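Peer 1: Letter by letter, the chains look like this.
2 protein chains.
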Amino acid sequence: MKKHNFSAGPCILPQEVFQKASAAILNFNDTGLSILEISHRSKEFVAVMEEARALALELLGLTGKGYHALFLQGGASMEFLRVPYNLMKVDGKAAYLDTGTWASGAIKEAKAFGETVVVASSKADNYTYIPKAFEIPTDANYFHCTSNNTIYGTQMNQFPETNIPIVCDMSSDIFSRSLDFSKFDLIYAGAQKNMGPAGTTLVVIKEGLLNQTGRSIPNILNYQQHIDKESMYNTPPVFAVYTSLLTLQWLKNLGGITAIEKNNEAKAALLYNEVDRNPLFKGTAAKEDRSKMNATFLLENEAHKTLFDNLWKEAGVSGLNGHRSVGGYRASMYNALPLESVEVLVKAMRELERIA
Amino acid sequence: MKKHNFSAGPCILPQEVFQKASAAILNFNDTGLSILEISHRSKEFVAVMEEARALALELLGLTGKGYHALFLQGGASMEFLRVPYNLMKVDGKAAYLDTGTWASGAIKEAKAFGETVVVASSKADNYTYIPKAFEIPTDANYFHCTSNNTIYGTQMNQFPETNIPIVCDMSSDIFSRSLDFSKFDLIYAGAQKNMGPAGTTLVVIKEGLLNQTGRSIPNILNYQQHIDKESMYNTPPVFAVYTSLLTLQWLKNLGGITAIEKNNEAKAALLYNEVDRNPLFKGTAAKEDRSKMNATFLLENEAHKTLFDNLWKEAGVSGLNGHRSVGGYRASMYNALPLESVEVLVKAMRELERIA
Numbered sequence: 001m002k003k004h005n006f007s008a009g010p011c012i013l014p015q016e017v018f019q020k021a022s023a024a025i026l027n028f029n030d031t032g033l034s035i036l037e038i039s040h041r042s043k044e045f046v047a048v049m050e051e052a053r054a055l056a057l058e059l060l061g062l063t064g065k066g067y068h069a070l071f072l073q074g075g076a077s078m079e080f081l082r083v084p085y086n087l088m089k090v091d092g093k094a095a096y097l098d099t100g101t102w103a104s105g106a107i108k109e110a111k112a113f114g115e116t117v118v119v120a121s122s123k124a125d126n127y128t129y130i131p132k133a134f135e136i137p138t139d140a141n142y143f144h145c146t147s148n149n150t151i152y153g154t155q156m157n158q159f160p161e162t163n164i165p166i167v168c169d170m171s172s173d174i175f176s177r178s179l180d181f182s183k184f185d186l187i188y189a190g191a192q193k194n195m196g197p198a199g200t201t202l203v204v205i206k207e208g209l210l211n212q213t214g215r216s217i218p219n220i221l222n223y224q225q226h227i228d229k230e231s232m233y234n235t236p237p238v239f240a241v242y243t244s245l246l247t248l249q250w251l252k253n254l255g256g257i258t259a260i261e262k263n264n265e266a267k268a269a270l271l272y273n274e275v276d277r278n279p280l281f282k283g284t285a286a287k288e289d290r291s292k293m294n295a296t297f298l299l300e301n302e303a304h305k306t307l308f309d310n311l312w313k314e315a316g317v318s319g320l321n322g323h324r325s326v327g328g329y330r331a332s333m334y335n336a337l338p339l340e341s342v343e344v345l346v347k348a349m350r351e352l353e354r355i356a
Numbered sequence: 001m002k003k004h005n006f007s008a009g010p011c012i013l014p015q016e017v018f019q020k021a022s023a024a025i026l027n028f029n030d031t032g033l034s035i036l037e038i039s040h041r042s043k044e045f046v047a048v049m050e051e052a053r054a055l056a057l058e059l060l061g062l063t064g065k066g067y068h069a070l071f072l073q074g075g076a077s078m079e080f081l082r083v084p085y086n087l088m089k090v091d092g093k094a095a096y097l098d099t100g101t102w103a104s105g106a107i108k109e110a111k112a113f114g115e116t117v118v119v120a121s122s123k124a125d126n127y128t129y130i131p132k133a134f135e136i137p138t139d140a141n142y143f144h145c146t147s148n149n150t151i152y153g154t155q156m157n158q159f160p161e162t163n164i165p166i167v168c169d170m171s172s173d174i175f176s177r178s179l180d181f182s183k184f185d186l187i188y189a190g191a192q193k194n195m196g197p198a199g200t201t202l203v204v205i206k207e208g209l210l211n212q213t214g215r216s217i218p219n220i221l222n223y224q225q226h227i228d229k230e231s232m233y234n235t236p237p238v239f240a241v242y243t244s245l246l247t248l249q250w251l252k253n254l255g256g257i258t259a260i261e262k263n264n265e266a267k268a269a270l271l272y273n274e275v276d277r278n279p280l281f282k283g284t285a286a287k288e289d290r291s292k293m294n295a296t297f298l299l300e301n302e303a304h305k306t307l308f309d310n311l312w313k314e315a316g317v318s319g320l321n322g323h324r325s326v327g328g329y330r331a332s333m334y335n336a337l338p339l340e341s342v343e344v345l346v347k348a349m350r351e352l353e354r355i356a
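Protein chains in written order, with UniProt numbering: chain F, 1 to 356; chain A, 1 to 356.
Hints were generated in silico from the structure; no laboratory data involved. Treat each hint with caution, since some may be false.
Each pair may be met inside one copy or between any two copies, as identical chains are not told apart.
[As the list claims (entries may be wrong)] Derived SDA-like pairs: lysine to any residue, alpha-carbon spacing no greater than 25 Å straight-line: (1) Lys-111 to Leu-339; (2) Lys-347 to Gln-158; (3) Lys-43 to Arg-350; (4) Lys-65 to Asn-157; (5) Lys-123 to Pro-137; (6) Lys-111 to Gln-224; (7) Lys-93 to Gln-224; (8) Lys-43 to Met-1; (9) Lys-3 to Asp-30; (10) Lys-132 to Glu-302; (11) Lys-183 to Gly-208; (12) Lys-89 to Lys-111; (13) Lys-229 to Asn-126; (14) Lys-20 to Gly-32; (15) Lys-89 to Arg-215; (16) Lys-313 to Arg-41; (17) Lys-132 to Leu-57; (18) Lys-229 to Ala-112; (19) Lys-132 to Ile-355; (20) Lys-305 to Thr-162; (21) Lys-108 to Met-232; (22) Lys-43 to His-323.
Note that this is a predicted model, so its numbers are computed, not measured.
So that you can see chain F by itself, here it is in the shape it has in the complex:
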């Protein structure tokens, strides 16, 4: 039976990416070698890295606008550390918006480096909304935010207008919607949602942002080192970068972000309409802040849980359990999830209403 994978990440990737990645493990680009055994310094892999870096910028509309793209290791959690190391001045200050577990993790790492101002937090309400009224200190070295909060099902629709650099963790919604990405000075995203498998992190950095802290930065954490070495400071995660390239190529062939955004809006509308219409369910996030990537919802009556769980599992749905801190259900509808999968889930919700 076909699986409908709503996993929050690692998550579904395009089927053609699975096919191509699987084939490349046996014979990469007719080299007679596996993608797993080629040197990262081979001309074949250098071409992969360069195309992936260029295509990431192209899809974000940043080609020729003075940005560098890197494929690093360590997940977004490593960037929680690299960001203050590279951007917070000695005796400096940074501003953070606290919209969930990951934003909070970024704040924790920053605090060791200097004054870390939390401009607003929705923690007291279990992060069910995105704070909107806040002031960013004009003397902060940067403002950090998280564009989409996987666990809580919220997403930022507006970003502040400010003169200080904006840093954004876009791990769970990069390449899913149109934004003016040139408003951001540093964007990072773990690959394992819309871009590829777990094991690499895209970092996009505007020229002129670095080398202003007066701080000594360890080489492996120094963005400038990675830029100078063209994302090959040390052995990169070859397979994760290659599979990310395949996914970016798939997105480009589909028509890029504007094309996938229409799919994502259709999927989210279908599911949220059912959550709102069906009297057996309720959403957990504030409506105006609902994420188009991760829809979080609860049963009105917990007594229906076994029945509903059987319905969606029998329909081939997987990965629907909510994070333990929210409970209920979380339907992650990343780029590669087909509309058909959401239709199957909605059908199960309607079936519950009919028989419960």
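Mind docking chain A on chain F? Use the hints.
Peer 2: Showing chain A alone in chain F's frame:
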């Protein structure tokens, strides 16, 4: 034509590992899902992580001896940083042996943390040998060495007897030879030689070693955090860990380190015998320090280069060019390289002698 892959890393892995990894990308363990799209919190992947951690300790003979095994991200270069962060006390001191480019990289990162004593270095001789007469300061917090030097073709055959903790970068010879691994307090190794594809690093840590520095450690760099979270502090590099497990399983089925060591000795003997016998070649490393993983050698007469390069390329050999800092040739003979590949290379060397 069959390829004989002598690449220095990423490098050849067992053919059955390629087959299994390729298949798992289409359908992992009959879940109907790709290994690339399953949650790292799924019971299927948690089982992979736990088996990989346990099997790494088992193969090293460390089961039940108070060690933790972690699969982290960032390559050995990230451990160059994690080691002093976690082990060098505030106002403390560390001792390093400088045997090559990577040892030197580790020393650079350590220097930012405190007094870093280089107990000996063979840099003045382009790292062609392993220094043996040196004293380790008894008040150092740890002694750091690199067991095998990929670029220079040298390998440590003896490790110092000392009362201070020994930290060893075994990236390029772990799982290749029998050692009393319980003499080491911390071992780390990038996977991309004998353990798996690029993208994960094995770190083995003795209990009681950590939490003695008085230093504040960023969460993502804190070994204790990774131990407490069972190597799942954040999303691990799922595919790289899975493929490492496949490689470790292959090694266990083969008979473990003692079995592979015999193969490795036979391969190294065959090649070094030819380097020494054939008047057209000469080795670059001191004989007593020759690496059984990476054999570095030169042509006596550079005029033979085109002829020899054609011979080995026509025989299907790849990845034989030496590192730019040594020149000539480097034959990397990692665990998965069959003896047959070395025979093909030796045949090309003999053919050169016949026709040159």
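Peer 1: List, from low to high, the hint numbers that the structure doesn't satisfy.
Peer 2: 1, 2, 3, 10, 17, 19, 20
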